[in-house]
Amino acid sequence: MPTAVCRFFLFLILLLPLASHAGDAADFAAASPAKQAKLLESWAAAPDAARLPLLEALQQGRVAADSDKTPFIENAGRYQAVEGAAEPVGSPRKLRLNNRLRGLIASAMASHQLLADDPAVRLAAARHLQKSAKPAQLGLLDARVASEENQQVRDALSLALANLQLVDSNPAVRLAAVRLLGETGDPLARTRLETLLDPAVENDAGVRTAAETSLAQVKRKLLIGELLGQAFSGLSLGSILLLAALGLAITFGLLGVINMAHGEMLMLGAYSTYMVQIAFQKLAPDYLALYPLAALPVAFFVTAGVGMALERTVIRHLYGRPLETLLATWGISLILIQLVRVLFGAQNVEVANPYWLSGGIQVLPNLVLPYNRIVIIGFALFVVVLTWLLLNKTRLGLNVRAVTQNRNMAACCGVPTGRVDMLAFGLGSGIAGLGGVALSQIGNVGPDLGQSYIIDSFLVVVLGGVGQLAGSVLAAFGLGIANKILEPQIGAVLGKILILALIILFIQKRPQGLFALKGRVID
Amino acid sequence: MRATPLPEFMLEPAFDPAGSSRDAIGASAVAAQGLNIRHGTILTLEEINVSFDGFKALTDLCLYIGVGELRCIIGPNGAGKTTMMDVITGKTRPDSGVAYFGETLDLTRMSEVEIAQAGIGRKFQKPTVFEALSVFENLELAQKTSKTVWASLRAKLSGEQKDRIDEVLQTIKLDASRQRPAGLLSHGQKQFLEIGMLLVQDPQLLLLDEPVAGMTDAETEFTAELFKSLARKHSLMVVEHDMGFVGSIADHVTVLHQGSVLAEGSLAQVQANERVIEVYLGR
Amino acid sequence: MKRRPLLKSTLAASALLLSGLFPFTVQAAETIKVGILHSLSGTMAISETSLKDMALMTIDEINAKGGVLGKQLEPVVVDPASNWPLFAERARQLLTQDKVDVTFGCWTSVSRKSVLPVYEELNGLLFYPVQYEGEELSPNVFYTGAAPNQQAIPAVEYLMSEDGGAAKRYFLLGTDYVYPRTTNKILRAFLHSKGVADKDIEEVYTPFGHSDYQTIVANIKKFSAGGKTAVISTVNGDSNVPFYKELANQGLEATDVPVVAFSVGEEELRGIDTKPLVGHLAAWNYFQSVENPVNSAFVAKWKAYAKAKSLPGADKAVTNDPMEATYVGINMWAQAVEKAGSTEVDKVRDALAGQTFAAPSGYTLTMDKTNHHLHKPVMIGEIQDDGQFSVVWETSSPIRAQPWSPYIEGNDKKPDYAVKSN
Amino acid sequence: MSLPISITVAQKAGPKLTATALGVVLTVLVALPLLHLLPADSAMYVSAYTLTLIGKILCYCIVALALDLVWGYAGLLSLGHGLFFALGGYAMGMYLIRQSAGDGLPAFMSFLAWTELPWYWYGTSSFLWAMCLVVLAPGLLALVFGFFAFRSRIKGVYFSIMTQALTFAGMLLFFRNETGFGGNNGFTGFTRILGFDITAAGTRAVLFLATVALLVGSLYLGFKLARSKFGRVLTALRDAENRLMFCGYDPRGYKLFIWVLSAVLCGLAGALYVPQVGIINPSEMSPTNSIEAAVWVALGGRGSLIGPLLGAGLVNGMKSWFTVAFPEYWLFALGFLFIVVTLFLPKGVIGLLRRKSS
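Protein chains in written order, with my numbering: chain A, 1387 to 1909; chain B, 5 to 287; chain C, 6 to 427; chain D, 17 to 374.
Misleading hints may appear alongside valid ones.
Claimed, not checked - Here are the computed lysine-lysine pairs in the DSSO-like style, where the Cα-Cα straight-line distance is at most 30 Å: (1) A:K1424 / C:K104; (2) C:K344 / C:K312; (3) C:K173 / A:K1517; (4) A:K1605 / C:K70; (5) A:K1480 / C:K38; (6) C:K38 / A:K1421; (7) A:K1605 / C:K204; (8) C:K321 / A:K1480; (9) A:K1668 / C:K173; (10) C:K38 / C:K425; (11) C:K70 / C:K306; (12) D:K171 / B:K130; (13) D:K363 / D:K240; (14) D:K335 / B:K160; (15) A:K1517 / C:K280; (16) C:K76 / C:K280; (17) A:K1520 / C:K419.
Unchecked claim - One side only, chain C facing chain A, incomplete, derived with CB under 7 Å: (18) Q219; (19) D243; (20) A423.
To be verified - Okay, the calculated beta carbon distance ranges per label pair: (21) C:D391 / A:A1675: 48 to 58 Å; (22) D:L156 / B:A155: 20 to 30 Å; (23) C:Q393 / A:M1661: 16 to 26 Å; (24) A:T1599 / D:Y136: 17 to 27 Å; (25) B:A155 / D:L237: 37 to 47 Å; (26) A:D1454 / C:Q393: 22 to 32 Å.
Hints listed in this document are in silico derivations from the structure and should not be mistaken for laboratory results.
Remember, it's a predicted structure, so these values are computed and weren't measured experimentally.
The C-beta atom is built at its ideal place from N, Cα and C for all residues, glycine as well.
Start from the sequences and build out the full structure, keeping to the hints where you can.
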């Protein structure tokens, strides 16, 4: 069997890099959590490229140990020995990690990645170390700063180093570090600099003054980030309110139906998203990430269909009796909620953000804009534009406006009012369905989803002025931003109460909403 | 809906048909109201401007109505006739200008209710009555009396007030329908009911917006007679498109165009006015 | 024809009034009636529906073994519809009309507070299966969920330990109602006793159903810049999804700022994509992932039951702490009835003291001899990407409950045995 | 247009029959609490369950009546009447909780470590002052809100949504523990009222009778108002507010009067509700509760005084029955009922009764 022997040796040679560090994985697997932490810290201070696969596996939670404490790495269900070619004794169990270890693994990983070839990887690692570097890594960072060729990575590393140098014995080094930290807008730098203001901590007056200057700089940058963050959250909340209310702006604003079942249309839209997600999981798992896009038309047509069916069977008999639509649609909403509860269960269902809607973009050190919120803001504007175009640039829109302004006259002009009513209600419901898709990406999907948005939706439409699309847009963003300005000052609960009180006061001034029609109103 | 029997308190003693149906208003006297009309002018509008979102509905409008005068206002659609009435009754606030009722009451500073209580009555273009209430109840509400909450909680019709209502019911020929809900009346009947409501309200200045729209010829003729009998004791301002009707009642006609007065004078005078002809015939 | 309307309306009205006199119950021979008082509609249905099903499963199981005292158990299910006055009404109905011998039910504190006077007045027996704020000890209630010292305090102790990340600053986030308020009050006193200063404790509350956590997550981030921070969340079930989604999307990871939740269990995680949440924590007395034979049987039974009854979402059926507490409660009650030889409340109450049961948590739980609470083990679980928890820490033995927390002033004077509240 | 139906009903049925019918209902309602005083094993015994259930429904009937006064007559659809109901309930609850707390602080305050009562609790241990609060709290709030709302002529849907916002804000405020009303738990565990045991049969009977008396009183008041000129002015206001103004009526005063009256009636109903059901909590202020009250009125037939009572009784009776009989499906039944009534009974149940009779 010479070939088999050859192969075996070849295999051993391939394992050599691992074998040369024989013991790391085994040490780790055998250690207690406290020891494991020590090990990781020492690895972080002295990176070794060969340890990278082990750290990667640890980070992904793929390292297991059998009953002999021999470490294995799991790969697609198969266990492979980290060192040597041992077969697991019994079934290996994954190593139990806790948050402290995970943090240390990430930090060790970062210091190993400083040696990577790709500057982007090195940059990310350097940034991570700005947060997590420990004094033991001082030497490593010092060396890397000296040898790093890429300017950007070197800057990032210098900052990480500066964090550690704040306690350097040489005042000149401390001074330089303090000055450097002033350049950042990192919230951590602020805490670090603040401690230096205390003469008991920092005995050098020059450094203290420099720290003060740097601190002022950092604070200014942080303030900018905070304000931008507030503005963004206001916009984001506004866009959510808008998506929730836009359908209602049509069914209630234009058709005059006090549509208490509007919230349930949002809910149906969200459940459609859930169903599409399930279908993708079952039928096309490779394209799962695209399911929210596919959910848009599905949700639109499902809710529009339900809306049109309701219009045909119930609501069409109630035109001209607006307050009675309240009663009937309230009944419809009860039925829809319970129906969903019976079909899908009372619990929330899981609608996951696909990767392109997860996470966020780090704009400033203290400002992350989540992708799902950015997309929803854009989507809200898109839907508004679409609705506006539909209502103002199409035949259907013309008919809808004609019917809502003067039903009899429109009928005389040959507008098929029945069909227009149905289509308009369907459109409003469909838009609510689109809103539901968006809402499913940030909150709960459960039978009560609609109930939590219905009051806000009515407030937006009424505040904007019934029948005024532009008013609804303005009202939604106004409410969103006002809410987010008040919340940090007085808390979420009082903020909400105050907003409601302000709305009540505002309506005193403009009883017909923001965008009321002026002129001769005959009643 | 069926006619419903009248609650006991609404049942009336038989009405005396000998009463003068012509002089329906009875013995009210303008001067007795404390309204200062020393200079013989009951309504003064000067330089009134109103605009809606950039559209100028009234432009420097000037108009004076004398005490006891019957004035007809004519003008093409969109001339500002209804807006002018809105300004007088306080429904629309002018952007600028002066509006006085008598010599002392500044209409631009009064609320609709105050204006109505001061003695300006208005009939809407579209007949507006309280549809759920009976004809009798409509008149009861309109009748001149204290209109505070407290008063209405303890209100009981006096014999005198019932007589007044019966009298007006006769005048507007709705005696037989007194118990019918007003919502069931025909268009013309609603017009008369609304006029009746003005009569029991007993205002000094009546603003009437297209009072004969939807009336038969006979009804129109009767209305003309009624208005003529009201003039002198009351001041009337009638907006109307029906030139025949205008001709039969008016001694003085004002033509409005694009929010301001185009011409004033007798009907013959304004009909001969070059600019009026131009506006009406589009030459 | 003139006379009928009022007569008719009168008849209708009296018929209606009378309908309340005759509740619809079917009398079966020789059964023991068991009331189940969980909301099946309204806002609390999300949590309580599965407890109703668990109670029914447990009753089926006991019946299959021959019932109690040789009689079958007959469940009487009613829906108090998340409406608190209706809870009291339904409770009175269960006790006086249906004449149930015991009731299993309630989730929120307010529903328990609502029915409490009824149970005390009519000397009924209620088993309450949910963790709560304490500050109550009624002779007519047995509390099978955790008191604060059986959940909150061990969780914080864990966060303070090296393994828990040695947190120095604490962000107490809760929905604005009594349980979070009381728990946070206890925790603050506890943290003080451990030398944590007030400037390192931040307490924030949100309204019910709050769904916009942008500002709060931003504040957590800001707060955490001041030192190693842990978030202690008493956010009410429904608001957790938006909170966790925001947390993940703003890039706050468990390694930086761990969140330990007291109201998030397996059932709540079903509605959340847990991949970004791995590492966040929850403290309970039971997790589905606990490995022991009792639990394997329990979980398997529940999954089979859900499938057999085709409950919605049966393919993903999970068990959680309140479900286990319901299961334990019903079984302990059955044992106590057997011991007492009667379903009479006073006798059963005496028999329950010191009753033990080998619970799915892997421990033999004991009903305390005096204070109506179970001795329970405490476990800290980390959220896994499959929606389960892996236990990272647990107490070595069950802990006795302290319904009157020593961290609240004046509680030292309260007796540690059940007394009627009036 | 709908004529105030009560008048027509009364007219058609004749005073004699109206009196007989009312007499029958009244006799039953008065008999119930007396039968409750019988020994429990007596055949005629009415259980505490039945009595509190009907007592609760009667309180809802008063709310429906109060709402009908503003909606059916003045055309102001309030989606916030639950707030006034709850305020009355809280005022009563404050008294009851002080009674059961004795000299100390209510339990919820002591475990928030409050050492003294907030100022607005001052005097609540006095029954008289609590009764004043029952009237004043909802009355003043309605007065202030109404004054501003009617001054700027908010009406129609705008008014409805504003009232909804008001009650929503109230709910959030009362949910806060720091507001000092027990937060989400509200008040429970009442023991005594005016020194009597609240669970005693006699106390229950008296509370029930008080509810009946309030209901009869409000019904009488409603009829009186509906048949007065004031009632006609309200109807006119509902149908043509502008016309009414040009007749010289100031609608603000009329609206304000009926609005405050309605709020006070709701407050009184809430005050009687709390000792009977044994709990008051902010969820009474949730907008859905107020919408439900509007549904009772619409279902029974608005603008008819008797109709809303039927509506409130019917919906709540069904709710009590359905949640026991078909716990999983009762929402379907309720939902369908609402739809069917709106589609086929535009004037509500009372309209159906009238149509059948003609």
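Starting from the hint 22 to 32 Å, judge whether the C-beta atoms of D1454 of chain A and Q393 of chain C obey it.
holds (27 Å)
Given hint K204 of chain C paired with K1605 of chain A - CA-CA distance at most 30 Å:
It holds: about 19 Å lies between the C-alpha atoms, which stays within 30 Å.
Check the hint pairing K335 of chain D with K160 of chain B against an upper bound of 30 Å on the C-alpha distance.
Distance ~44 Å between K335 of chain D and K160 of chain B Cα, so the pair is violated.
Pairwise hint evaluation, K1480 of chain A against K321 of chain C, where the allowed Cα distance is 30 Å at most:
holds (24 Å)
For the pair supplied as a hint, K1668 of chain A and K173 of chain C, confirm whether the alpha-carbon distance does not exceed 30 Å.
violated (46 Å)
When the nearest CB of chain A is found for Q219 of chain C, is that gap smaller than 7 Å?
holds (4 Å)
30 Å Cα cutoff - pair K173 of chain C, K1517 of chain A
holds (17 Å)
Check the hint pairing K70 of chain C with K306 of chain C against an upper bound of 30 Å on the C-alpha distance.
holds (14 Å)
Given the hint that K1480 of chain A pairs with K38 of chain C, does the C-alpha gap stay at or below 30 Å?
violated (47 Å)
Measure nothing beyond the straight line between the CA atoms of K171 of chain D and K130 of chain B; if it is 30 Å or shorter, mark the hint as holding.
holds (22 Å)
Is K1424 of chain A close enough to K104 of chain C, meaning Cα to Cα at most 30 Å?
violated (64 Å)
For the range 16 to 26 Å, tell me whether the beta carbons of Q393 of chain C and M1661 of chain A fit it or not.
holds (25 Å)
Hint check: violations occur at hints 1, 2, 4, 5, 6, 9, 14, 16, 17, 20, 21, 24, 25; the rest are consistent with the structure.
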